[in-house]
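K.L.:
Could you build the full structure based on these sequences and the hints that come with them?
Protein chains: 2
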Amino acid sequence: MEIPSQVQVKHNFSAGPSILPGEVFAKASQAVKDFDGSGLSILEISHRSSAWTEVMEEAESLVRELLSVGDDFAVLFLTGGASTQFFMTAMNLLDSERSAGYVDTGTWSAKAIKEAQAFGQLLELASSKSDGYRYIPKDFDIPNDLNYVHITSNNTVYGTQYHKLPSTEVPLVLDASSDIFGRSIPWERIQAVYAGAQKNMGPAGVTLVIIRKSALGKVHRHIPTMLDYRTHIPKGSMFNTPPVFPIYVSMLNMRWLKKQGGVTEMSHRNAAKAKLLYEEIDRNALFRGTVDPQDRSTMNANFLLTKSELESDFLALCDQMGIVGIKGHRSVGGFRASMYNAMDIASVQVLVDAMRYLEDHKG
Amino acid sequence: MEIPSQVQVKHNFSAGPSILPGEVFAKASQAVKDFDGSGLSILEISHRSSAWTEVMEEAESLVRELLSVGDDFAVLFLTGGASTQFFMTAMNLLDSERSAGYVDTGTWSAKAIKEAQAFGQLLELASSKSDGYRYIPKDFDIPNDLNYVHITSNNTVYGTQYHKLPSTEVPLVLDASSDIFGRSIPWERIQAVYAGAQKNMGPAGVTLVIIRKSALGKVHRHIPTMLDYRTHIPKGSMFNTPPVFPIYVSMLNMRWLKKQGGVTEMSHRNAAKAKLLYEEIDRNALFRGTVDPQDRSTMNANFLLTKSELESDFLALCDQMGIVGIKGHRSVGGFRASMYNAMDIASVQVLVDAMRYLEDHKG
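These protein sequence lines map, in sequence, to chains B and A. Just so we're aligned, residue 13 is where the first sequence starts under the numbering used here, counting upward by one. Just so we're aligned, residue 13 is where the second sequence starts under the numbering used here, counting upward by one.
Note that these hints are calculated values from the structure, not bench results. Any given hint might turn out to be false.
The list treats identical chains as one, so a pair stands whether inside a single copy or across any two.
[What the hints assert, rightly or not] In silico lysine-lysine, DSSO-like type, Cα no more than 30 Å apart, as pairs:
no. : residue 1 : residue 2
1   : Lys-141   : Lys-247
2   : Lys-230   : Lys-123
3   : Lys-126   : Lys-150
4   : Lys-22    : Lys-339
P.N.:
Structure (structure tokens):
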């Protein structure tokens with residue numbers, strides 16, 4: 013198979029940590045040398061300095077503006093990733109007299125269930141596990157007396173996404189790690205939203221938590237100070253030293269996002285990128301998608317080769333064309349193309365070109 | 013008062029986040045643009061890539077080499093800062109049948125005591141609180157049946173440091189946040205050492221934990237997966253996405269440290285810097301130190317003006333001379349000069365020059 017000549021540009025389809033805009037990398041790189049002409053690196057400035065306080069305030073204000081978050085919610089920048097939020101949400105929100113409902117749509121919701129069940133009664137409302145998590149369960153019953161309903165709005169590993177949230181009067185807790193800033197959020201239905209930064213928000217090392225303030229203070233268990241959301245709210249996420257650089261880069265990324273037109277524009281672009289790739293997956297006889305079409309994620313597209321013996325050819329071709337991070341999660345195999353906000357549709361076109369090239373030469 | 017002409021070089025005496033070597037900033041800045049010629053930013057590479065795994069392995073190996081850590085200890089890179097370790101050490105190590113001993117030498121040990129007491133019986137072995145934490149308590153009794161003894165090896169806020177660890181058969185848990193890599197550690201006496209990175213190890217956003225493996229698994233309470241040290245040991249601190257960039261910069265800083273001659277060389281340099289500054293504090297009638305001389309920290313020197321009306325003059329002079337981060341902690345006032353490993357003695361000399369200039373013009 014003749015392969016196109018080596019290119020320098022990389023098209024990063026990694027699932028997270030993942031692509032961020034080039035101008036964010038450029039500005040972040042400069043700040044590591046000299047932060048805004050201060051003569052100091054962003055890595056050595058005091059988190060109590062006014063220069064830093066301004067960054068924190070801008071970061072919070074950009075989250076509020078981009079996602080239309082009202083004053084009834086606190087916006088926090090914490091650490092420990094979604095894996096920490098799996099238990100921290102239950103520890104802070106789940107009282108011992110009621111139950112919380114969980115929907116199992118893959119690896120991450122299963123982990124959320126495992127961690128939360130130490131803090132109260134859980135009701136597994138639905139699961140697509142026995143069908144290899146290839147769809148989002150629908151039309152299941154949700155009792156009205158639940159404390160909250162937890163869902164993983166986008167499943168990074170399996171490539172499924174809720175395009176419509178479950179119908180219920182019960183407030184929702186969303187793990188939105190892989191589609192935050194890619195969709196609007198119906199705040200009137202929300203108790204809490206959390207997201208590890210390293211997909212659509214920024215680099216690894218910071219976790220966004222948006223929590224309804226009136227939902228806090230209703231459980232009676234002991235909560236260590238650092239694990240109590242109420243510790244961080246009056247301190248503006250600076251009860252202790254925050255992860256300065258990950259927050260700074262997230263702020264730069266949100267500035268970029270705002271300049272591009274915000275979440276509405278991103279949801280249009282993400283839909284267009286997903287359409288381009290899924291149409292090729294469906295058209296090209298060498299490939300097939302792994303999840304039910306109506307539940308396909310706009311963020312992570314999972315697909316297989318119909319002739320698995322072509323896998324090494326396809327990976328070599330991708331490598332030659334600058335396509336990075338296309339291998340599927342180690343637990344599911346195949347391929348996965350993550351197309352977060354910062355990815356231009358031109359990069360998706362390169363992947364589609366690679367798929368067509370393979371078809372032309374090996375199909 | 014005539015003030016020397018404006019200089020460009022900054023001398024960063026901040027208590028943390030704090031100074032790191034210039035060559036670390038240069039290399040880190042480059043990696044944000046292009047990590048080791050990969051065509052990708054360090055911020056967008058997968059934490060499962062071999063390029064990243066090599067960084068993690070080098071970081072762990074440098075900790076082991078620089079601090080002479082044996083195989084009976086695990087070296088972990090976690091998040092949440094020392095504030096999270098305050099409860100996590102007790103949660104993992106303190107069993108309900110025994111007590112742990114704590115020494116109260118300031119803000120951080122008091123917080124460690126507050127968080128740990130939810131997990132078992134604590135015995136406050138000694139405190140210098142009633143004397144404004146101006147010394148390290150000595151010659152107190154330590155019962156032999158304690159689970160462990162917790163001390164804060166260096167007190168960043170008050171500027172005191174244990175130059176000799178307490179004598180006891182009981183294993184020690186050290187909060188070494190502000191003097192890690194500045195002193196050798198007697199591992200045969202240690203149960204655990206923890207340190208927020210943002211003083212002597214790297215930028216904010218990662219926490220070093222070195223824990224004796226045989227001390228784990230002896231408590232019977234429920235521990236959430238992310239809070240159980242045993243989760244992270246077999247996963248090489250990658251059970252979930254690690255704080256990539258803070259770990260990378262810490263690794264670069266440890267490379268630098270090794271090249272300089274390691275911890276022994278640092279302890280000599282730190283002693284020389286401290287001697288230079290404390291001798292000026294003692295000699296110059298305009299200044300006085302705030303802690304007992306034998307317990308003075310080599311990392312953080314706290315001092316006051318004897319004529320407090322000169323404070324704004326001194327701060328203006330420091331500003332003109334490029335001296336940054338010299339104001340004392342908001343809870344104690346006065347001045348604090350933090351002289352971590354990356355600070356050259358030439359910067360301490362600039363501070364001494366400023367103190368002499370003030371004496372010559374206002375004394």
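K.L.:
With identical chains treated as interchangeable, where does the CA-CA distance between Lys-230 and Lys-123 reach 30 Å or less: within a copy, between copies, both, or neither?
P.N.:
So Lys-230 and Lys-123 pass the 30 Å test inside a copy (24 Å) and across (24 Å) alike.
K.L.:
When Cα atoms must be at most 30 Å apart, do Lys-22 and Lys-339 count as within-copy, between-copy, both, or neither?
P.N.:
Within one copy only: 15 Å inside, 46 Å across.
K.L.:
Tell me, please, which holds for Lys-126 and Lys-150 at an alpha-carbon limit of 30 Å: within, between, both or neither?
P.N.:
Intra 22 Å, inter 46 Å, cutoff 30 Å: intra-copy only.
K.L.:
When no copy is named, should Lys-141 and Lys-247 be tagged within, between, both, or neither for a Cα gap of at most 30 Å?
P.N.:
between (41 Å within a copy, 25 Å between copies)
Taken one by one, the earlier hints all hold for this structure without exception.
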